[in-house]
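Trainee: In case it helps, the working numbering puts the sequence shown at residues 3 to 335.
To be clear, the hints were calculated from the coordinates, so they are not data collected in a lab.
Hints may be right or wrong, so weigh each one.
[To be verified] Ranges between beta-carbon positions, derived for each pair: (1) Ser59 to Val102: 23 to 29 Å; (2) Arg319 to Leu167: 28 to 34 Å; (3) Gly148 to Pro178: 50 to 56 Å; (4) Lys294 to Leu110: 29 to 35 Å; (5) Ser299 to Arg319: 18 to 24 Å; (6) Gln316 to Thr98: 38 to 44 Å.
Note that the Cβ used here is the ideal one computed from N, Cα and C, for glycine as well.
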Amino acid sequence: MRLTENPQPKQKISQRLILIDLIRGLAIIGVAIYHLAWDLAFLGFISIDVGRDLAWSVFARVLAGSFVGLAGVSLVLAHHQGIRWPAFWRRIGILTGAAVAITATTLLTFPQTFIYFGILHAIALFSILALPFLLVPTWMLLIVAGSVFALPGHFRSPAFNERWLAWIGLGTDVPPSNDFEPLFPWFGLVVLGIVIGRALLTFGMIEKLSWQPQGGLVRLLTRAGRQSLVIYLVHQPILLGILYPIAWVWPPRAANLDASFLQACQASCARNAESEVACRTSCECSARELKKAGLWSLIERPQLTPDQQRRINQTVRVCFGAAQHPPPGAAPD
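Could you put the whole structure together from the sequences, leaning on the hints where they help?
Mentor: Below, the structure is given as structure tokens:
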């Protein structure tokens with residue numbers, strides 16, 4: 003079964019994929035830049051809270067959106083003459099295996115915010131769900147995309163808060179994660195990608211947009227795009243493998259550490275629905291008491307012994323308990 007009325011020659015589609023690889027290459031470089039900034043903030047080298055800063059958050063969403071949207075475009079270009087099932091399932095298998103590896107790794111390294119439905123999980127599932135939409139009229143695809151984008155703004159329920167349902171994207175308070183692209187609204191980008199891919203075929207844009215990469219930089223980016231999955235899987239271990247030893251030998255500056263600790267502490271506190279004043283008071287108390295107890299230098303260390311972690315937790319717990327139940331007559335700063 004053919005999925006478009008005017009398929010283009012396979013050679014031209016292959017040339018078109020050069021442009022897609024170039025875009026993927028730019029996006030994966032952006033991902034590496036974002037994660038470098040996140041790692042520097044996590045280790046206390048910079049004071050910006052990358053995970054909550056507006057500019058960095060928008061940057062991360064644009065990068066994720068580009069990968070999800072390109073998944074829809076590629077689906078059309080790769081299967082417009084009929085679904086090539088062996089190639090399709092091979093790709094799904096690779097993505098699923100990589101997604102499981104990401105979940106397992108982050109569960110060990112960041113158990114409180116591990117990735118249970120990140121970009122790889124999303125692309126694997128969305129690619130399967132998008133197959134029927136390859137046969138849907140374009141006008142209907144636009145309606146579907148708009149509906150997927152709009153639904154989270156009009157309907158949410160605590161029933162979707164559990165982690166095994168959070169991937170749907172309709173919860174009111176889902177478990178935190180370092181990477182989260184749920185079905186609603188992100189699947190809408192795949193549908194739009196199908197529309198774009200179909201338009202490229204219908205209006206004969208493939209030939210116009212085809213070229214052979216010239217220049218070292220373009221070839222490098224194109225190659226990075228072709229290997230974007232491998233780069234995605236290995237770049238964080240490489241970055242952290244470089245930065246962790248540096249953090250041990252040259253600990254972050256005190257000012258950056260103070261700001262980084264307070265930002266991370268207040269962000270964590272806010273997720274538990276505490277007031278801004280209570281969070282600020284508790285976190286400032288925690289920093290002050292950790293310094294008094296001689297525990298502040300431990301905050302700089304990438305790894306702690308169980309006893310060190312226990313002592314830090316006890317100190318912080320006392321400050322948060324005092325803020326929630328202040329002595330009579332006490333008032334926040």
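Trainee: Would you mind marking each hint as holding or not holding in the structure?
Mentor: Results of checking the hints against the structure:
1. Checking the proposed 23 to 29 Å range against Ser59 and Val102 shows it holds: the Cβ atoms sit about 27 Å from each other.
2. Judged by the Cβ atoms, the range 28 to 34 Å given for Arg319 and Leu167 holds: they are separated by roughly 31 Å.
3. Taking 50 to 56 Å as the suggested C-beta distance range, the pair Gly148 and Pro178 does not conform, at roughly 29 Å.
4. Restraint check, Lys294 to Leu110: a C-beta distance of roughly 33 Å satisfies the suggested window 29 to 35 Å.
5. Between Ser299 and Arg319 the C-beta distance comes to about 20 Å, which sits within the given range of 18 to 24 Å.
6. Range check, Gln316 to Thr98: Cβ separation about 42 Å, and the 38 to 44 Å hint holds.
Comparing the model with each numbered hint stated earlier shows that hint 3 is the single one that does not hold.
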